[in-house]
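Quick mapping for you: the protein sequence lines, in order, are chains A and B. The numbering of the first sequence is the numbering used here, which starts it at 3 and goes up by one. The numbering of the second sequence is the numbering used here, which starts it at 5 and goes up by one.
Since the hints were derived computationally from the structure, they do not count as laboratory data. Wrong hints could be hidden among the right ones.
Claimed, not checked - Restricting the straight-line Cα-Cα distance to at most 25 Å, the calculated cross-link-like pairs of lysine-lysine (BS3-like) are:
(1) K240(B) <-> K472(B)
(2) K408(B) <-> K244(A)
(3) K199(A) <-> K240(B)
(4) K163(A) <-> K144(B)
(5) K499(B) <-> K80(A)
(6) K80(A) <-> K144(B)
(7) K161(A) <-> K408(B)
(8) K263(A) <-> K321(B)
Unchecked claim - Ranges between beta-carbon positions, derived for each pair:
(9) Q84(A) <-> F344(B): 24 to 30 Å
(10) T352(B) <-> S280(A): 26 to 32 Å
(11) S50(B) <-> Q84(A): 53 to 59 Å
(12) T352(B) <-> D157(A): 48 to 54 Å
To be verified - Some but not every residue of chain A turned toward chain B, in silico, with C-beta under 10 Å:
(13) P97
(14) K98
(15) L331
Every residue, glycine too, gets a C-beta built ideally from N, C-alpha and C.
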Amino acid sequence: MVLRKWGFPLVLVLVFALFLSGCFGRPERPLTVYTYASFPPILIEQIVDHFQAEYGVQVEFRSFSDTGPLLNQLAQEKKNPQGDVVIGLDNNYLPKALELGILAPYRPQAADRIRPDLIFDPEFHLTPFDYGYVVFNYDSERLTRIPTSHRDLLDPEYKGKIVVENPLTSSPGQVFLLTTIALFGEDGYLDFWRALKPNLLTITPGWDEAYGIFTSGEVPLVVSYGASPVYHLIAEGTERYKALVLDGGAYAQIERVGIVKGTPHLQNAQRLVDYVLSPAFQSLIPETQFMYPVRSDLELPPSFRVAAQAERLFNLPPAEVAANLERWLSAWEQVINE
Amino acid sequence: MSGARNRPNCLALILIGLFFLPVLAVLGQAFGRPNAWPELLGFLRSGQFRRVLAFSTSQAFWSAFFSLALAVPGAYFFGRYRFPGKRLLRSVMILPFMLPGILVVLAMVVFYGQNGILNTWLAALFPGRDLVFTGLYGYKGIILAHVFYNFAFCLRMLGERWERISPKLEEASAVLGAGRFATWWRVILPLLAPTIGYLGVLVFLYSFLSFTVVLVLGGYLYQTFEVLIYIEYNNKLRFAQASMLAVVQIFLLTGIIALQRWTQRLVQRQSGEVNLLPPLRPRKQPVATGIFLCYLAGSLLFFFMPLFFVLYRSFKKRGLPDGAWTLDNYRQLFGAGFRFAVGRDLWTVVGTSLALAITVGLVTMVLAYVLARQRRQKPWGRIDLWLQLPMGISFLTFAFGLLKLVGHALPPALLIIWAQVFLAFPLVYALLRTARREWGEEMIEAAQCLGASGWELFRTVELPLMRKALSSAFAYGAALSLGDLSAVLVLGQGKVITLAVAVYRLIGHYNFPQAIALGTLFMLLAVVLFSLVEGGYRGKGTGGRWGE
Numbered sequence: 003m004v005l006r007k008w009g010f011p012l013v014l015v016l017v018f019a020l021f022l023s024g025c026f027g028r029p030e031r032p033l034t035v036y037t038y039a040s041f042p043p044i045l046i047e048q049i050v051d052h053f054q055a056e057y058g059v060q061v062e063f064r065s066f067s068d069t070g071p072l073l074n075q076l077a078q079e080k081k082n083p084q085g086d087v088v089i090g091l092d093n094n095y096l097p098k099a100l101e102l103g104i105l106a107p108y109r110p111q112a113a114d115r116i117r118p119d120l121i122f123d124p125e126f127h128l129t130p131f132d133y134g135y136v137v138f139n140y141d142s143e144r145l146t147r148i149p150t151s152h153r154d155l156l157d158p159e160y161k162g163k164i165v166v167e168n169p170l171t172s173s174p175g176q177v178f179l180l181t182t183i184a185l186f187g188e189d190g191y192l193d194f195w196r197a198l199k200p201n202l203l204t205i206t207p208g209w210d211e212a213y214g215i216f217t218s219g220e221v222p223l224v225v226s227y228g229a230s231p232v233y234h235l236i237a238e239g240t241e242r243y244k245a246l247v248l249d250g251g252a253y254a255q256i257e258r259v260g261i262v263k264g265t266p267h268l269q270n271a272q273r274l275v276d277y278v279l280s281p282a283f284q285s286l287i288p289e290t291q292f293m294y295p296v297r298s299d300l301e302l303p304p305s306f307r308v309a310a311q312a313e314r315l316f317n318l319p320p321a322e323v324a325a326n327l328e329r330w331l332s333a334w335e336q337v338i339n340e
Numbered sequence: 005m006s007g008a009r010n011r012p013n014c015l016a017l018i019l020i021g022l023f024f025l026p027v028l029a030v031l032g033q034a035f036g037r038p039n040a041w042p043e044l045l046g047f048l049r050s051g052q053f054r055r056v057l058a059f060s061t062s063q064a065f066w067s068a069f070f071s072l073a074l075a076v077p078g079a080y081f082f083g084r085y086r087f088p089g090k091r092l093l094r095s096v097m098i099l100p101f102m103l104p105g106i107l108v109v110l111a112m113v114v115f116y117g118q119n120g121i122l123n124t125w126l127a128a129l130f131p132g133r134d135l136v137f138t139g140l141y142g143y144k145g146i147i148l149a150h151v152f153y154n155f156a157f158c159l160r161m162l163g164e165r166w167e168r169i170s171p172k173l174e175e176a177s178a179v180l181g182a183g184r185f186a187t188w189w190r191v192i193l194p195l196l197a198p199t200i201g202y203l204g205v206l207v208f209l210y211s212f213l214s215f216t217v218v219l220v221l222g223g224y225l226y227q228t229f230e231v232l233i234y235i236e237y238n239n240k241l242r243f244a245q246a247s248m249l250a251v252v253q254i255f256l257l258t259g260i261i262a263l264q265r266w267t268q269r270l271v272q273r274q275s276g277e278v279n280l281l282p283p284l285r286p287r288k289q290p291v292a293t294g295i296f297l298c299y300l301a302g303s304l305l306f307f308f309m310p311l312f313f314v315l316y317r318s319f320k321k322r323g324l325p326d327g328a329w330t331l332d333n334y335r336q337l338f339g340a341g342f343r344f345a346v347g348r349d350l351w352t353v354v355g356t357s358l359a360l361a362i363t364v365g366l367v368t369m370v371l372a373y374v375l376a377r378q379r380r381q382k383p384w385g386r387i388d389l390w391l392q393l394p395m396g397i398s399f400l401t402f403a404f405g406l407l408k409l410v411g412h413a414l415p416p417a418l419l420i421i422w423a424q425v426f427l428a429f430p431l432v433y434a435l436l437r438t439a440r441r442e443w444g445e446e447m448i449e450a451a452q453c454l455g456a457s458g459w460e461l462f463r464t465v466e467l468p469l470m471r472k473a474l475s476s477a478f479a480y481g482a483a484l485s486l487g488d489l490s491a492v493l494v495l496g497q498g499k500v501i502t503l504a505v506a507v508y509r510l511i512g513h514y515n516f517p518q519a520i521a522l523g524t525l526f527m528l529l530a531v532v533l534f535s536l537v538e539g540g541y542r543g544k545g546t547g548g549r550w551g552e
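Using the sequences provided together with the hints, build the complete structure.
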């Protein structure tokens, strides 16, 4: 009886409280940075502390489940931006971001120090701040014959020994698909995948699952990053897992930072971009994000001797990728489902 | 009471509003476009639609079938006997339900994989015979993983239901000359049927909506609608198309959920007495005990060994199966490295998770119970059906809709609670609705006749009667909250870090051994929590701490 009598008012009060709590306490928005969920907390902390100490400015981070939803949010807020800086859009999102017109160009102070072949955007809407090669990693205790080219991977010897990520759901997966297009061309990449298919144990939705299957000892070959072995060296003291540069080069995934157009915090947003490119911040990247810093004047830590070194970049021009990606993906989808 | 009968139920309407407004926000986007209808028709005519529908339906059917077929024998022992360790087993049985998807996948790979434990055992047991289990990556593997997810939980719910069927019915049936099989077929099965039907629908829906398992084990040869929706939202950034797919899925699943109306109408009134179960006595019942032990061993082998072997690696150096024994992976959870990768220290993460789980468990339980109580006189009807519908809605669609609708107005923690209540409500409500409807009404009415009323009646008669159902309901709500990753990632803005998020972040930073160690702590914590919650109703006359 009691609940019956009070149940309804109780819920009303609850709902009311729910809405009230949202309406109060919204003073002027602090400098807000959008990023994706797996951006290292230690780097976030570094930025927050630096801005507090140096300028007395409060920085707030808001993370999104993935890069796609992040970009989508920016597009929806175009007229009334709620974020000021965006960290972590990679090369494949560059054309889309430019097309949406949501970013304000800013040429950072350290622009000349950035490795030039990573820039791709001469107006600096999105400035590269780190990059990594998406390459195969192998388990040296389980793989007897080490392949040297992508064609070697088609050998029946590797049947059921390879795991890759799905280019439709995973960014390293997408970069690997682009690698095959860069190497075999639009006419050849589907044949490569057709021939590779029997050797794939499975195709996972994300890097997590693929790398987990790899380190469980289920397969000796996986698509991962050039600096993955660095982690195992630092944290576990082992060189068992090694990065593999096939065909003498690699495709780089380049992560970028940019300023949201229409931000009320322009000066601080520019300071943030400059800070991300400063030697102090850049030298933290190798052993926290396991990526390479973009500054060419920095020395890498000794642990990076086990990371992949690519002589040449396979990267396709972003505009070409943007124009064709959808078609390439659906053709890939069909081949996999044949 | 009679005056209230035809008044619309305000609480139900508010809940329906809270559940469906975010969905409508998304759907509006799908059909507010000029070429929406031709596109929809085009999709419905495509080969992809037929392929996805055929795969989703058939795998979901077999997953439900095998989960239930394996659960029924066990439910008999859980429903008819007391035995040592029962309470612990019941708490453990919720675990697969709430494990982070990645840990389940790793468990399957480590045990059933091509270089897995099972194949090592097969090779050792039958040398030279070349017996290899290769079915993990493909259709069979997907069903295996779904059964792994759902079987234990079906066993638990069915066992709880069986406990409430009075053994006197069987005795009466035997006295009247019916054989054991006839008794089972004509007396027990009809009483169990609504629960079996409900669980069948539930497992079917969970498997139909499955995502990670289908993608990892199917290697993209198989797709569910949820997979297509995810790709549209997350990678192709086409919200309208994603919403259209979500609509198709909702319509397909509404049909399935409507089946419940039929099974739930079979629910009959039971007496309100508490059944005291006899203990299982190995000496007097050697056959029953033997069968039970074999069953237990079998299900432990196939369903707990995979988990066990993943957990075991958390005690090994660097997580390697042949590494030295160590507690390093656990020690590191308390160190700076954890904060470094996760962004909070361990205690904050545990506290956040527990606070969320307890809030969601309590809110869901209270709301569901109030409603179940208001509707106890009525048969399973349209409103009940509406409240079951969240089960058929893509959770991703709901979370994105909620973000769009009130993402700016409400703090992340409240959004997450809202979403998780949405996730847990159908199950919790169905459980309490059945319990409240079929149970103890006579006793409450008798107490009312004797003059008890209001709070006193509730406290002294109703609460003790409903205690077991309420604590189960709370445990399910809390378990779903603990296991949820997507709501926290989509709605938490990186400010709410739960155990599931911590596992995800550790893995994102290569820390697999620590992630597994954290998963182990996570499970321990859950078992302790559920044992405490469900510990209050032990029957009289059992001495053992773990006996019921």
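**Asked** Taken at face value, is the distance from the CA of K472(B) to the CA of K240(B) at most 25 Å?
**Response** violated (47 Å)
**D157(A) and T352(B) - C-beta distance against the hinted 48 to 54 Å** = holds (50 Å)
**Request:** Verify the proposed pairing of K199(A) with K240(B), using a straight-line Cα cut of 25 Å.
**Result:** holds (24 Å)
**Message:** With the threshold set at 25 Å, check whether the alpha-carbon distance from K499(B) to K80(A) stays at or below it.
**Reply:** With Cα atoms ~23 Å apart, K499(B) and K80(A) stay inside 25 Å; holds.
**Asked** Is 26 to 32 Å right for how far apart the beta carbons of T352(B) and S280(A) are?
**Response** holds (30 Å)
**Item:** Agreement of hint L331(A) with chain B interface, Cβ distance less than 10 Å
**Value:** holds (8 Å)
**Message:** A closest beta-carbon separation below 10 Å is what the hint needs, so does K98(A) meet it against chain B?
**Reply:** holds (8 Å)
**Request:** Take a quick look at whether K80(A) and K144(B) sit within 25 Å of each other, Cα to Cα.
**Result:** Violated - the C-alpha atoms of K144(B) and K80(A) are around 47 Å apart, more than 25 Å.
**Prompt:** Does P97(A) pass the interface check with chain B, least Cβ-Cβ distance below 10 Å?
**Reply:** Violated, about 13 Å.
**Request:** Starting from the range 53 to 59 Å, see whether the pair S50(B) and Q84(A) falls in it by beta-carbon distance.
**Result:** Since S50(B) and Q84(A) have Cβ atoms about 38 Å apart, the given range 53 to 59 Å is violated.
**Prompt:** Is the Cα-Cα distance between K163(A) and K144(B) 25 Å or less?
**Reply:** Distance ~20 Å between K163(A) and K144(B) Cα, so the pair holds.
**Satisfaction of hint between K321(B) and K263(A), Cα-Cα up to 25 Å** = Cα-Cα ~49 Å, so violated.
Violation of the numbered hints given earlier is confined to hints 1, 2, 6, 7, 8, 11, 13; the remaining hints are satisfied by the structure.
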